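Residue numbers (numbering that gives the first Met the number 0), protein chains in the order written: chain A, 0 to 560; chain B, 0 to 209.
Among the hints, a few may not be true.
With beta-carbon atoms standing in for the labels, derived distance ranges [unchecked claim]:
1) B/ILE116 with A/HIS440: 49 to 55 Å
2) B/ASP73 with A/GLY441: 42 to 48 Å
3) B/GLU207 with A/GLU53: 17 to 23 Å
4) A/THR196 with B/GLU180: 34 to 40 Å
5) A/ARG434 with B/GLN178: 54 to 60 Å
6) A/GLU212 with B/ALA136: 57 to 63 Å
7) B/GLY123 with A/THR196: 57 to 63 Å
8) B/GLY123 with A/PRO55: 35 to 41 Å
9) B/LEU181 with A/GLU212: 20 to 26 Å
10) A/ASP199 with B/ASN150: 39 to 45 Å
11) B/GLU207 with A/PRO150: 36 to 42 Å
12) B/ASP196 with A/GLY130: 48 to 54 Å
Below, simulated EDC-like cross-link-like pairs (lysine to aspartate or glutamate); rule was C-alpha separation at most 20 Å, straight line [stated by the list, open to error]:
13) B/LYS175 with A/ASP401
14) A/LYS393 with B/ASP113
15) A/LYS281 with A/ASP37
16) A/LYS247 with A/ASP257
17) B/LYS193 with A/ASP401
18) A/LYS393 with B/ASP45
19) B/LYS175 with A/GLU53
20) A/LYS28 with A/GLU3
21) A/LYS284 with A/ASP264
22) A/LYS284 with A/GLU91
Read the hints as simulated data drawn from the structure, not as lab findings. If you're wondering where the values come from, they're calculated on a predicted model, not measured in any experiment. Beta carbons are placed, not taken as given, at the ideal position from N, Cα and C, and that holds for glycine.
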Amino acid sequence: MMQEFDAIVVGSGITGGWSAKELTQAGLKVLMIERGRDIEHGTGYKTETLAPWELPFRGMGDAERYWAEYPVQSMNRHFTEFTEHHFVNDRENPYAVPAGKDFNWWRSYQMGGRSLTWGRQCYRWSDYDFGANKADGHGLDWPIRYADLAPWYDRVEDFIGVSGAAEGLAVLPDGRFQPPMALNAVEQHCRDVFMNTFPDRRLTVGRTANLTEAKEGRSKCQYRSICARGCSYGAYFSTQSSTLPAAKATGNLTVITDSVVEGVDHDPVTGRATGVRYLDVKTGKRGTATARLVFLNAGTFNSNHILLRSTSERFPNGLANSSGVLGTHIMDHATTLSGIAAMPGFETHTSYGNRPTGIVVPRFRNLDQQDGAGFTRGYSFQGGALQSTWTAGKRAAGLGVDYKESLRHPGPWRMIFVTFAESLPRASNRLTLDRVKTDPHGAPVLNIAFEHGANEHAALADAKGQAKVMLEAAGGHVFLGFDQPGAGGSAIHEMGGARMGNDPARSVLDKWNRAHDVPNLFVTDGAAMSSSACQNPSLTYMALTARACANAVSMLREGTI
Amino acid sequence: MADNGLGEFDRRSAIGGGLVLAALVGTPLWIWGKARQGEKGEATEDQRRMIDTVSDLVIPRTDTPGASDVGVGDFVVLALNHGLDGTREPASGAAIQGGGPAPTPRGGLYLLDDLAIMLRIKAGGDFNQATPAAQRAALTAIDTRAFAPGNDKDPWHKIKDLILTGYYTSEAGGSKELQYELVPGRWDPDVPLKPSDRAFSSDWTAVEFG
Numbered sequence: 000m001m002q003e004f005d006a007i008v009v010g011s012g013i014t015g016g017w018s019a020k021e022l023t024q025a026g027l028k029v030l031m032i033e034r035g036r037d038i039e040h041g042t043g044y045k046t047e048t049l050a051p052w053e054l055p056f057r058g059m060g061d062a063e064r065y066w067a068e069y070p071v072q073s074m075n076r077h078f079t080e081f082t083e084h085h086f087v088n089d090r091e092n093p094y095a096v097p098a099g100k101d102f103n104w105w106r107s108y109q110m111g112g113r114s115l116t117w118g119r120q121c122y123r124w125s126d127y128d129f130g131a132n133k134a135d136g137h138g139l140d141w142p143i144r145y146a147d148l149a150p151w152y153d154r155v156e157d158f159i160g161v162s163g164a165a166e167g168l169a170v171l172p173d174g175r176f177q178p179p180m181a182l183n184a185v186e187q188h189c190r191d192v193f194m195n196t197f198p199d200r201r202l203t204v205g206r207t208a209n210l211t212e213a214k215e216g217r218s219k220c221q222y223r224s225i226c227a228r229g230c231s232y233g234a235y236f237s238t239q240s241s242t243l244p245a246a247k248a249t250g251n252l253t254v255i256t257d258s259v260v261e262g263v264d265h266d267p268v269t270g271r272a273t274g275v276r277y278l279d280v281k282t283g284k285r286g287t288a289t290a291r292l293v294f295l296n297a298g299t300f301n302s303n304h305i306l307l308r309s310t311s312e313r314f315p316n317g318l319a320n321s322s323g324v325l326g327t328h329i330m331d332h333a334t335t336l337s338g339i340a341a342m343p344g345f346e347t348h349t350s351y352g353n354r355p356t357g358i359v360v361p362r363f364r365n366l367d368q369q370d371g372a373g374f375t376r377g378y379s380f381q382g383g384a385l386q387s388t389w390t391a392g393k394r395a396a397g398l399g400v401d402y403k404e405s406l407r408h409p410g411p412w413r414m415i416f417v418t419f420a421e422s423l424p425r426a427s428n429r430l431t432l433d434r435v436k437t438d439p440h441g442a443p444v445l446n447i448a449f450e451h452g453a454n455e456h457a458a459l460a461d462a463k464g465q466a467k468v469m470l471e472a473a474g475g476h477v478f479l480g481f482d483q484p485g486a487g488g489s490a491i492h493e494m495g496g497a498r499m500g501n502d503p504a505r506s507v508l509d510k511w512n513r514a515h516d517v518p519n520l521f522v523t524d525g526a527a528m529s530s531s532a533c534q535n536p537s538l539t540y541m542a543l544t545a546r547a548c549a550n551a552v553s554m555l556r557e558g559t560i
Numbered sequence: 000m001a002d003n004g005l006g007e008f009d010r011r012s013a014i015g016g017g018l019v020l021a022a023l024v025g026t027p028l029w030i031w032g033k034a035r036q037g038e039k040g041e042a043t044e045d046q047r048r049m050i051d052t053v054s055d056l057v058i059p060r061t062d063t064p065g066a067s068d069v070g071v072g073d074f075v076v077l078a079l080n081h082g083l084d085g086t087r088e089p090a091s092g093a094a095i096q097g098g099g100p101a102p103t104p105r106g107g108l109y110l111l112d113d114l115a116i117m118l119r120i121k122a123g124g125d126f127n128q129a130t131p132a133a134q135r136a137a138l139t140a141i142d143t144r145a146f147a148p149g150n151d152k153d154p155w156h157k158i159k160d161l162i163l164t165g166y167y168t169s170e171a172g173g174s175k176e177l178q179y180e181l182v183p184g185r186w187d188p189d190v191p192l193k194p195s196d197r198a199f200s201s202d203w204t205a206v207e208f209g
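Bound-form chain B, shown alone (with noise of 0.2 Å):
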């Protein structure tokens, strides 16, 4: 059994550009949310509200829905209480050959408090009751510092990862925004491409590999 043609190799090590054992500051993402164990599982509510409004800068309502629209904010705590996307621990599950150790109890919620620290330093105060000007500027420069060379690891990148996860893989940002085919029921193996065409979400190979 090996592989639809891509060949077999962990998904998460090889095309993420050294995204996959993010680490802050030179430690690694699970160490330091082990310092913070033990705190409840949730998200505040003043942090809901700063994912939400996140979010939405990443992807905003357009001629279709934008992410706080489609529910993204609650994806992304769902995405971090569970660990998703490596937020957790690192994936070693072969050093363990059927037995893993007990989960840490808040997943990767850490990352939130991270981003409210950031966007804190950045907006001068209070991001959530920032002008959306400054909202705007304050997660900008995140991003713009997280995309510079070397900052591989920094925490932003975790986070818009799973924003985007949470947008097109919603109905809205999987059929509406993109397209998506079940069936497609042909292999048309060149046909010309628009500049106006979208793309399909339902492209398996290309949300794996692209």
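Isolated chain A (complex conformation) (with noise of 0.2 Å):
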């Protein structure tokens, strides 16, 4: 059989702006669908350079369609009316959860699909991370470690740009970073009493895809910090940015854009993989794409609901599901808002510019030695320090010129923690197909059942207390904090459901992210992830799919694929 392209890669986000630059630089002649429509770098970007005051409801949008179009969506805090074209309509992307549970899927179906909207923090894991799971028992081992990774985080953080502060932390890797964007006086303080008065935990500033230095036709960062906007200068990655280009560069790429990948078609003689099906959403009509390879890089759960559908008489229960286990496991971080603090002593400070990322420090318990109580593994604060503004008018009594005066000027100094726990792997935390309820296409929706445990509730148990101390040892006056995490979803970090192992019999992709039962099907997205650790997830996919893509080419030129 003749196939028309030598890869076909799904998805045009994070990992799927990889693959294709990573296969077609290898010289794969490459087709890349995308569900949605295509966004044009730059000239796509429709709200970038708007006021408030030229949109009709002032950048906080329109509530009511929101509550008709947006339910979800509209949840997040990245979803304003300058972004929210760059959100799903929930109306007409369902999904379902049991009842009793609840899961909020926050979803970019576009090109680039959530590179434009990401928090672009690049965190490097360590064998804390990778470890994890064979340590403590739960989950599967992950079939690499560190060293497996490291030499494809170098490629990665030199291609995309990290900015960031190297800091010697065994248990968060540093980088090839780009010089980091400096702390404002508050953060700088805290870091400095944390040095002293803790000295395992490290405050330092977001490691974050935006450029400090001008690379490959990209501008520096101009300190907006309206990222998710889409950024026409090419500060941050994105796929737009980044990868798209470069792989348009080798004349090897082809996009289809608007349509929907419908399951993935599996030859029973030859036990591959033969290409894709899909659904032109804007003519309802059906094509076919033939490869040699085919990567998912449709987004953790709709590379998951991707092989769920492809069902055959070999593959009764979902494509490369021999095992059982597919769409098990997943993950989200457990997320809350565990601090904020009055910082006073910094009155006559202010800053410049709107830096687009914040601060972390990162996971300190259960590292050598256990000291989560009720907990395994662990969390990070990520968070900063800023000066209030005219909003603060909202909880302050008062009218006229005196009131009117007090908001003209920046405000006091507060230091926000915000927590990420990591998400243990659980059977129970499952994707399948729903019964019951279809999509405007007829196919049926994914079910989300999804909860947070006792061990997430642990951690943020202990980092409400540990943000306390923290704040209170750098003088801050703490008013308000949570233990309670939000909905699952609500970190934005959904992984699992394909992951990887050792063994075929308890997992779906090997080591090369290759599922164990189709030798030429890969799935490098977060449905990948064995575990969750506690760092932000997107370096990390992005590593595994151009190291997953440099040995799938090599397979295919030895012979072996």
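Assembly of the complex is requested from the two constituent chains, each provided in isolation within its own frame, with the hints serving as guidance.
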């Protein structure tokens, strides 16, 4: 059989762009299929330069319409009148949850996917993370360790551009960083205090895929911090700013947008994937494409969805699912606002510009000694120090000239700690095809059964306490803090379902992100994750993708695929 | 995809000091509003006058425009009609998973009815006909009571929030009263703050979390 392409890449988000770049640069003819519309870099960012007064609802958006069309997406703090077009319409893109459970599935169906709207935080995992499942018995041991991924982290960071400070911490390995963005006065003070008072806790500036030095046709950050509108400077990593132009420059890339992949075709005789079936959502016409390799980069849950829908006599419960674990052990970091403190003593300090990243305090619990009360693994703090502004007037009595004057100037400093706690892999947290509900195209929707467990709750309880202790040590007055996680999905770090592992009977993917059951099928987005760590995961997805692509190309050339 | 370093959580739930799930004498506002569904979604002339006066009492004209100069009253009516800032029904989209119920026809305009009643009581008569001093005294009384401990759910909070939003997101409020810089171009992490320095309405983090 003559294939039309060397490889099909399903999805154009953070990992889809990387697959397309790596495979096309290796000389493969690649088809990238994106379910959403095209968005051109620069000219496609319609709201990028608008001021609040140029929008009908001043940036807040039409709550009435959001209620009807975006009831889930609009709960995301990145969803505003400036960015609403970068999120899915919930009415048109339904999903299901079991009674009594909840999941916020925040999605971006468009060229670039969530690379346009992501938080850009880039943290390497360490062997505390890759070794965690083996160490405490939750989940299945990872088939790789840090040394396997380190050179691929290098490659990814070099290409996308990550600014950050090297700290020499074993728990959060340093990367190949552009110069860091500086801490503001309050954050620097907190860092100094923590260094003295909590030697195991290091506050450092968030490592972020925002450039502090120009590179390859991309400008450095302009300190607007309006990234999710799209950045015509190309100053943060997105598919549009970075991987897509690189892939296009090879001449080896074909792109189809507005086309939902409905299934991966499988030849039971050869045992190989032959290509994909897709629906053109604009015309309603169905098509197929064939290739020697298939890469699923549809986003964690949608890559699971595609596999679950790709049933056949050989794979009645979903493609590559002879193990029966497909869709299980999904994760999302348990996150909450652990503490806000007023930070007196900095009344004569301010800053200029909008730094597009906060701070991070890497995990300090359960490393070389088990010091977490009632929980295994750990959590990290993110957040930052900021000055209040006119919105503080909502909490203040007053009217008239004096009140107006009081809101005219930068207000008191406050420091915020938000926790991301590791989510344990559990079989009961799983994706299935819903038996009743269908989407507008007639396909069974994804049923998302997820809840945080006692471990996550214990971690957040500890985090609240430690946030208070640390902020107070730095002179802060904590006035608010929570210890209950938001609904699943609230971290937008959904992971798992097609986990990697050495044992084909207990995992979907091998150590190369390749399906144990289907030798030319790769899944390199978050679906591959066997555990969640507590770091923002996208950098690891990209490194896994680059590594998998290189290996796939090698195997293709050696004739072993 | 995480965050800009400030974390993922519902911005409406965390910081407002309990203003979020507004309720009137223990009754959630949206239930209160449902009792008046079917009324036309427009403010009356009297209500328009009232909100203009009230918004100017909150943000008067000084060396920069005041609230009514920049049409804050129109914004408040628009915002209430469309249920902004949780003035219609509580957000519970997660339970819906993609299909919300029909919107209430009149949005949050019932809050203007409530304000009119409170102002009438405090002014001892028609607020719009009262002297400026009496108007100020009436609104001051309402404002003072709303910010007393335990009154987080007083309906005045929502109106005041929308007045502030309407003003500081207007061109004059955002770029004359405050400063607006879309492209700072640089990050200075620590600069001296003088008492006369005006805040930046384009400091999005401050607006969201401050």
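Structure-based check of all given hints:
1. For B/ILE116 and A/HIS440, the Cβ-Cβ distance of about 51 Å falls inside the hinted range of 49 to 55 Å, so the restraint holds.
2. A hinted range of 42 to 48 Å for the beta carbons of B/ASP73 and A/GLY441 is consistent with their spacing of about 45 Å.
3. Between B/GLU207 and A/GLU53 the C-beta distance comes to about 19 Å, which sits within the given range of 17 to 23 Å.
4. The hint said 34 to 40 Å for the Cβ distance between A/THR196 and B/GLU180, and at roughly 37 Å that hint holds.
5. About 56 Å separates the C-beta atoms of A/ARG434 and B/GLN178, a value consistent with the hinted range of 54 to 60 Å.
6. Taken as a hint, the range 57 to 63 Å holds for the pair A/GLU212 and B/ALA136, whose Cβ atoms sit roughly 59 Å apart.
7. Remark: the range hint 57 to 63 Å for B/GLY123 to A/THR196 is upheld by a beta-carbon distance near 59 Å.
8. Roughly 38 Å separates the CB atoms of B/GLY123 and A/PRO55, a value that falls within the hinted 35 to 41 Å.
9. Look at B/LEU181 against A/GLU212: about 22 Å separates their beta carbons, and that is inside 20 to 26 Å.
10. The supplied range of 39 to 45 Å is met by A/ASP199 and B/ASN150, whose beta-carbon atoms lie about 44 Å from each other.
11. Checking the proposed 36 to 42 Å range against B/GLU207 and A/PRO150 shows it holds: the Cβ atoms sit about 38 Å from each other.
12. A hinted range of 48 to 54 Å holds for the C-beta pair B/ASP196 and A/GLY130, which are about 51 Å apart.
13. Proposed proximity of B/LYS175 and A/ASP401 is supported: the alpha carbons are some 17 Å apart, at most 20 Å.
14. A hinted pair counts as satisfied when its Cα atoms are at most 20 Å apart, and A/LYS393 with B/ASP113 qualifies at roughly 19 Å.
15. Simply put, A/LYS281 and A/ASP37 have alpha-carbon atoms about 12 Å apart, close enough for the 20 Å limit, and the pair holds.
16. At most 20 Å may separate the alpha-carbon atoms for a hinted pair to count; A/LYS247 and A/ASP257 meet this at roughly 19 Å.
17. Among the hinted pairs, B/LYS193 with A/ASP401 is consistent with the structure: their alpha-carbon atoms are about 18 Å apart, no more than 20 Å.
18. The hinted pair formed by A/LYS393 and B/ASP45 fails the criterion: a straight-line CA distance of about 25 Å is larger than 20 Å.
19. Between B/LYS175 and A/GLU53, the direct Cα distance comes to roughly 16 Å. Compliance with the 20 Å bound is thereby established for this hinted pair.
20. Between A/LYS28 and A/GLU3 the alpha-carbon distance is near 9 Å, which keeps this suggested pair within the 20 Å criterion.
21. Restraint check for A/LYS284 and A/ASP264: the C-alpha separation of about 18 Å stays at or below 20 Å, so the hint holds.
22. For the suggested pair A/LYS284 and A/GLU91, the alpha carbons sit about 18 Å apart, so the restraint of at most 20 Å is met.
Comparing the model with each earlier hint shows a violation of hint 18 alone; every other hint is respected.
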